[in-house]
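There are 2 protein chains.
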Amino acid sequence: MTGYALPIKRLIRELGRLPGIGEKTAARLANHILRLSEEDAVRMAESIVDVKRKIRLCRVCFNLAESERCEICLDHSRDRQMICVVEEPDSLIAIEDSGSFRGTYHVLHGVLAPLDGIGPEHLRLKSFWRPTPACRGNPRPC
Amino acid sequence: MTGYALPIKRLIRELGRLPGIGEKTAARLANHILRLSEEDAVRMAESIVDVKRKIRLCRVCFNLAESERCEICLDHSRDRQMICVVEEPDSLIAIEDSGSFRGTYHVLHGVLAPLDGIGPEHLRLKSFWRPTPACRGNPRPC
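Each protein sequence line maps, in turn, to chains A and B. Using my numbering, the first residue of the first sequence is number 41, and each one after it goes up by one. Using my numbering, the first residue of the second sequence is number 41, and each one after it goes up by one.
Be aware that a few hints might be false.
[What the hints assert, rightly or not] Derived lysine-lysine pairs resembling DSS-like cross-links, with alpha carbons at most 25 Å apart: (1) B:Lys49 / B:Lys64; (2) A:Lys94 / B:Lys64; (3) A:Lys94 / B:Lys94; (4) B:Lys94 / A:Lys64; (5) A:Lys64 / B:Lys64; (6) B:Lys94 / A:Lys49; (7) A:Lys49 / A:Lys64.
[To be verified] Partner residues aside, some chain A positions facing chain B, computed with beta carbon under 10 Å: (8) Gly43; (9) Ile95; (10) Leu104; (11) Glu127; (12) Glu128.
By construction, these hints were calculated from the structure, which means they are not laboratory data. Everything numeric in this text was worked out from a predicted model, so none of it was measured. We put the beta carbon where it would ideally sit given N, CA and C, even for glycine.
So here's chain A without its partners, still in its complex pose:
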């Protein structure tokens, strides 16, 4: 990274930490960011900090959410008797993109991997099975 001013070197290093972004791509992206207006650059920076500060896990299905419940769990038109159990939030998004599922989800945030020492206690499983008095017939709070 010879010849780059320090703030550009820093930005290239930070972008280069993203998956699939090598030093050359990072330099190309940094050059693009340099040409953005300050307003656009600030908006991009804020969006990075925002996801860290505002996103939490939905307390019902453990999908990523901005409030206590995710948009899907808040959607009353969803069929709560159908629960699709997925490994990660990405899988949920892929199914949602297909537009063919109108039930709800449960995100495990991992899979059983006994050889790697990952047992049921490491997954978001307990809450899936815990029935609540308010929701007979539905294993989760609704």
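Let chain A serve as the given structure and place chain B on it in line with the hints.
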């Protein structure tokens, strides 16, 4: 982008504006950013704002710089009698990476393109030719 919480949608949209980053790649990067520590995310965001706020053009060669002069123009071991004229700062970096040039540079920030209405007046040319009393024999302030 069905199923994503708003801050994630915003981040995917912002990342998707970068060159060569489609929506799928942006979603992958956003998922990675979600898994960073808050400290790492803040550092990445700061590095984006920093390049916009701290980087200016070197007043001698118009390379990108953190202060009035870039690192190359400040380096007294450089041969100031040799000036390599380049189109953009990227070209300068490519030559610097080769390690084979010990002169200085002049960055035009463009090329003549009469058909697109880009004439000499649109490039950083004037200052290249203006001799200063302090530097006889060298077309630029030194």
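Now the hints, each set against the structure:
no.	hint	verdict
1	B:Lys49 / B:Lys64	holds (12 Å)
2	A:Lys94 / B:Lys64	holds (22 Å)
3	A:Lys94 / B:Lys94	violated (28 Å)
4	B:Lys94 / A:Lys64	holds (22 Å)
5	A:Lys64 / B:Lys64	holds (20 Å)
6	B:Lys94 / A:Lys49	holds (12 Å)
7	A:Lys49 / A:Lys64	holds (12 Å)
8	Gly43	holds (4 Å)
9	Ile95	holds (6 Å)
10	Leu104	holds (6 Å)
11	Glu127	violated (13 Å)
12	Glu128	holds (8 Å)
In terms of the numbered hints stated before, the structure departs from hints 3, 11, listed from lowest to highest.
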